[in-house]
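Colleague: Taking the hints into account, I'd like the entire structure generated from these sequences.
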Amino acid sequence: MLRDLDLSIAPGERVLLAGPSGAGKSTLLRAIAGVLLTADVGDLAGEVRVDGADPHEHPGRVALLLQDPTASLVAERIGRDVAFGLENLRLPREQIWPQVAEALTAVGLPYPLDHRTHALSGGETQRLALAGALAMRPGVLLLDEPTSMLDPGLAAEVRAAVADVVRRRGSTLVVVEHRMEGWVDLVDRVVVLDEAGAVVADGPPDRVLAEHRDALLAQGVWVPGAGDPKPADIDHALVGPYQEAAGTLVEATEIVLRHTWRTHTGERRITVALDGVCERLDAGRILAVTGASGAGKSTLVSVLGGLARPTSGAVHAGPLGSDRPLWKWRSSALARRLAWVPQQPEHAIVARTVLDEVLTAARATDRESWARRRADALLQAVGVAHLAAANPYQVSGGEQRRIMLAAALAHGPQVLLLDEPTVGQDRTTWSLVAGLAAAARDAGVAVGMATHDLLAVDTVGDRHTALSHGRAR
Amino acid sequence: MMARCGPLSLLLVCLLPAFGAPAIESVEHGLWSLLPVAVLAAVAVRAVGITLRRMALGLVAAGSIAVSTWLYGGHDLDTAVGASLRIIYLIAPGAIASTYLEPSSLADHLAQRLRLPPRVVVAASAALQRLDEVGEQWRQIGRARRARGVGAEGGPVRRVRVGATMAVALLVSTMRLSGRMSVAMDARGFARAQRRTWAEPAPWRPADSVAALAGVALAVVPWLLR
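Protein sequence lines correspond, in order, to chains A and B.
Just so you know, the first sequence maps onto residues 246 to 718 in my numbering.
Just so you know, the second sequence maps onto residues 22 to 247 in my numbering.
It is worth saying that the hints were derived from the structure and are not from the lab.
All residues carry an ideal CB built from backbone N, CA and C; glycine is no exception.
Errors might be hidden in some of the hints.
Okay, the calculated beta carbon distance ranges per label pair [said to hold, decoys possible]:
hint, chain 1, residue 1, chain 2, residue 2, range
1, B, Glu174, A, Glu258, 54 to 60 Å
2, A, Arg503, B, Val141, 36 to 42 Å
3, B, Val237, A, Thr556, 43 to 49 Å
4, A, Gly472, B, Ala77, 57 to 63 Å
5, B, Leu234, A, Arg597, 56 to 62 Å
6, B, Ala62, A, Thr505, 19 to 25 Å
7, A, Arg338, B, Val141, 50 to 56 Å
8, A, Cys523, B, Ser230, 54 to 60 Å
9, B, Leu234, A, Thr505, 32 to 38 Å
10, B, Leu234, A, Ser641, 57 to 63 Å
11, A, Thr556, B, Gly156, 16 to 22 Å
12, B, Glu174, A, Arg412, 53 to 59 Å
Below 25 Å or equal to it, Euclidean Cα-Cα: the simulated DMTMM-like pairs (lysine to aspartate or glutamate) are [claimed, not checked]:
hint, chain 1, residue 1, chain 2, residue 2
13, A, Lys475, A, Asp527
14, A, Lys475, A, Asp687
15, A, Lys573, B, Glu174
16, A, Lys573, B, Glu221
17, A, Lys475, A, Glu456
18, A, Lys475, A, Glu440
Modeller: Structure, rendered in structure tokens:
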């Protein structure tokens, strides 16, 4: 991962760490936080000193915030969650609660201490995690892609909370983030790592960005002011449908989807995910469904794919379809018609090798020999041809996304459904995802995607539906 | 009433009926013994659906025991139904009381009152409150398989086989989740928290004594009624 890295950061310095996926940025943050060997295995040489001491000796001096806002949730109520670190530091009870209150105020969470953690939005959950870190009064704040899974409004919320805290407390800050906008104004130093994890540039943001702009862009970093990326150019023959179709391919009318569920304590909750939505997918068009988290966009895409059963309303696949509602279709019949890539591609893994993964749906739909003719070229086009024999679980997250996109298209579905396909992706993967969607569209596939990425909507979207609380606005 | 109880007395209500259940032998005796359980249900069931669902497996067991006792126990209906009432007596109080358990408070009490090792207790409670997420992951895995033509449908053999591979996928994704959680928790000083303090006390209230007495009653009532 990392090799012979030397880096020193002065107290109060604010650093943005950039570099390609796999350069070891997260590894470095974990090393500084003293949690490197918690969930990873490997050989470790060298040392990390924080204020001249091993970070293991002083828990709480260094705070680490991870990409997944829910990673640090440990309790059902927000007060208790923030208190977790202070309990570990063995603070007496009467000192814990004032520090909890102070930390919650610092990140601007206005709720009472017994507010349920599961009732928070993604941005609020990330601010809660920040509060949990701040309560321990750390001198150093390490942020590992803290906003990459959040939509732009929520990301700005989290950034503002960080900016405020750093300014008032004078903390040392190290941020890793593909999307530099918003962070460059906050830092006074940018450090760039290369693929091997060595420092290739180090200096004030303006100078580093000016001198290393092209290298950073080539690494997939979202350099501010570099203009928007273009969708990658993909051969239509690789992504077109097995059997061409025209017109409206899926039609959903008056969809209502209510979730009734209970927590482990038996509390009854009803969430209305969709509330009377009509939508359709047309051959050769890209439908973008947007909305804040919880607005129902992923649910709508699942309904359009016959993967979730609505409480009421109709979902039919025409013109070749029957009157049978889509959610009643057999799995193989569904796969002949459509493909779906979940937000976490890992959930779709079924095979032992990447090539088998790409051919899975083709085998289930008796199209294997047809799909084999383009599988290799498709893997090549998404940049993972060298991984054909690899185990899909053992490749990086970005590679898994590419593989699952190839696996979705190889058997030639007429409908392609994508759930947050660009979230947290570097610039290069972003181009590829947008390029695949556009090429499939141009080859006659009906594409539907749930996204909060407005750039993707503007770049490749043909139709746009904004959802708010389960209704089309 | 039960909402004011701490987790330890609730656990007693869940577990103590196990000592009373063996006494039940006939239908009449079983029904009289179940009377206090019915009272408990009347005052304490907060969610009928989830309580029944928690009892579901036990009810299946009760049914199959009734059938097998009838078949192999000389076709004696009284003994057969009595045996199934014994199972219901065993599980119903637990199904009711467990809906009041909260992971954090259970951890507080287990560590502060029973002096169980804090790291184990806290890790278990953190994992418990993420159970909902595991359900969501299972749903996503199922959807992805269905969309790819390899969904869990068809005959029972195929369903079981697909279910098994889905379980492997779920295991991998929950392992990743727990990896991320342990990094986040260790970054908050958990790695060195062999000893830690507790933000909230673990009091034993009058309501707990009442619940504990109810638990003891459930252990002895069937014996007294014999």
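Colleague: Hint by hint, say whether it matches the structure.
Modeller: Cross-check of the supplied hints:
no.: 1; hint: Glu174/B to Glu258/A: 54 to 60 Å; in the structure: 58 Å, holds
no.: 2; hint: Arg503/A to Val141/B: 36 to 42 Å; in the structure: 39 Å, holds
no.: 3; hint: Val237/B to Thr556/A: 43 to 49 Å; in the structure: 46 Å, holds
no.: 4; hint: Gly472/A to Ala77/B: 57 to 63 Å; in the structure: 59 Å, holds
no.: 5; hint: Leu234/B to Arg597/A: 56 to 62 Å; in the structure: 58 Å, holds
no.: 6; hint: Ala62/B to Thr505/A: 19 to 25 Å; in the structure: 22 Å, holds
no.: 7; hint: Arg338/A to Val141/B: 50 to 56 Å; in the structure: 21 Å, violated
no.: 8; hint: Cys523/A to Ser230/B: 54 to 60 Å; in the structure: 59 Å, holds
no.: 9; hint: Leu234/B to Thr505/A: 32 to 38 Å; in the structure: 36 Å, holds
no.: 10; hint: Leu234/B to Ser641/A: 57 to 63 Å; in the structure: 58 Å, holds
no.: 11; hint: Thr556/A to Gly156/B: 16 to 22 Å; in the structure: 19 Å, holds
no.: 12; hint: Glu174/B to Arg412/A: 53 to 59 Å; in the structure: 57 Å, holds
no.: 13; hint: Lys475/A to Asp527/A; in the structure: 24 Å, holds
no.: 14; hint: Lys475/A to Asp687/A; in the structure: 16 Å, holds
no.: 15; hint: Lys573/A to Glu174/B; in the structure: 11 Å, holds
no.: 16; hint: Lys573/A to Glu221/B; in the structure: 50 Å, violated
no.: 17; hint: Lys475/A to Glu456/A; in the structure: 22 Å, holds
no.: 18; hint: Lys475/A to Glu440/A; in the structure: 23 Å, holds
Checked against the numbered hints listed earlier, the structure breaks hints 7 and 16; every other hint is satisfied.
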